[in-house]
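Participant: In terms of our numbering, the sequence shown has 437 at position 140, counting the first letter as 1, and numbering is strictly consecutive.
Simulated from the structure, these hints should not be mistaken for laboratory data. Be a bit skeptical, because a hint or two may be false.
[To be verified] Mimicking DMTMM-like on lysine to aspartate or glutamate, the simulated pairs with C-alpha atoms at most 25 Å apart in a straight line are:
hint, residue 1, residue 2
1, Lys555, Asp361
2, Lys522, Asp447
3, Lys522, Asp361
4, Lys555, Glu438
5, Lys555, Asp344
6, Lys343, Asp361
7, Lys348, Asp361
8, Lys348, Glu525
9, Lys522, Glu351
10, Lys522, Asp536
11, Lys553, Asp536
12, Lys343, Asp481
13, Lys343, Glu525
14, Lys522, Asp548
15, Lys343, Asp536
16, Lys553, Glu525
17, Lys555, Asp335
18, Lys522, Asp335
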Amino acid sequence: MRTLQRYRIFLFTLPAILVIGAFFVYPILLSLRLSFTDFTGVGIPKDVGWKNYERIFTRSRYLDAFTTTIVFTAMVVVVQTALGLFFAALLHRLPAVRNLCRAALFTPAMMSFVIVGYVWQFIYSPFNGGLNSALAAIGLESLQHNWIGDPNTALIAVAFAHIWMFTGYTTAIFLAGYAAIPSDLEEASRLEGASSWQRFRHIEVPLLAPSFTINVMLSTIGTLKTFELPFIMTRGGPDGATRTLSLHIIDSLFGKYKFGFASALSIVMLILVVLVAYVQNRYLRSRENNT
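Work the whole structure out from these sequences, hints included.
Facilitator: So, in structure tokens, the structure goes:
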């Protein structure tokens with residue numbers, strides 16, 4: 298009987314195993330194999346050993362791309378999580394407008410990266426762009442700037458567009474966490490005379506630990522891999538200020554047809570994402586257990 302039950306379980310999981318193997322495991326193994334070759338998309342790959350990896354870790358532009366990717370991810374995750382928590386806490390206290398505002402905040406996350414990229418490219422335009430026009434309208438012409446044309450502000454500008462797009466998604470996850478907080482606990486804290494800030498600091502934040510874990514993990518993994526907004530808005534410029542590791546992969550693959558080198562970059566990115574996700578997961582899970 299147990300053998301038959303195990304056989305049925307295996308049959309139910311077999312389609313998922315086949316899909317994961319065909320579309321996840323096999324491509325990773327193929328990329329790993331190609332990363333040790335000079336394959337250009339045609340012909341027979343020639344083994345080059347660790348040459349591709351040596352190039353990645355000895356060329357400054359690829360190391361700069363690592364730094365840019367990490368800085369971009371850190372900005373997005375910190376600000377997006379903070380804003381999502383702020384809006385969720387605010388909407389939790391305003392049930393009358395919660396559904397309307399939640400839908401409005403979530404709308405940007407349902408938009409195409411292409412649309413968002415071009416809209417924000419226009420907003421940041423130094424020639425009658427929305428941001429500079431707004432600054433001029435309120436008498437702050439001195440603050441007008443070429444936002445995505447200056448290496449000092451380009452990465453921040455792209456990060457802000459990414460944050461604008463996904464803050465509503467983060468807010469929705471925090472609101473789901475708020476829904477799991479027992480109403481009796483909040484009512485008891487009010488009867489004890491706890492202020493709104495005290496309830497937020499000592500009750501809500503600790504009980505939202507699972508929501509923090511989900512938000513930080515999803516936003517970190519998604520941002521580490523992102524290439525759409527930097528590609529659409531700046532093409533990695535100016536002067537490589539927004540050139541992330543993903544852009545190098547796309548450029549090597551479709552621009553220079555260096556399939557072997559692009560595979561090596563992909564493997565390095567995969568290891569980076571897995572390591573960061575593992576460390577974050579260990580820390581955030583331990584934080585959940587301590588709250």
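Participant: Compare the structure with each hint and give your call.
Facilitator: Taking the hints in turn, this is what the structure says about them:
no. : hint            : result
1   : Lys555 x Asp361 : holds, 20 Å
2   : Lys522 x Asp447 : holds, 24 Å
3   : Lys522 x Asp361 : holds, 16 Å
4   : Lys555 x Glu438 : violated, 46 Å
5   : Lys555 x Asp344 : holds, 14 Å
6   : Lys343 x Asp361 : violated, 28 Å
7   : Lys348 x Asp361 : holds, 19 Å
8   : Lys348 x Glu525 : violated, 29 Å
9   : Lys522 x Glu351 : holds, 22 Å
10  : Lys522 x Asp536 : holds, 21 Å
11  : Lys553 x Asp536 : holds, 19 Å
12  : Lys343 x Asp481 : violated, 67 Å
13  : Lys343 x Glu525 : violated, 32 Å
14  : Lys522 x Asp548 : holds, 14 Å
15  : Lys343 x Asp536 : violated, 33 Å
16  : Lys553 x Glu525 : holds, 19 Å
17  : Lys555 x Asp335 : holds, 7 Å
18  : Lys522 x Asp335 : holds, 24 Å
Checked against the numbered hints given earlier, the structure breaks hints 4, 6, 8, 12, 13, 15 and satisfies all the rest.
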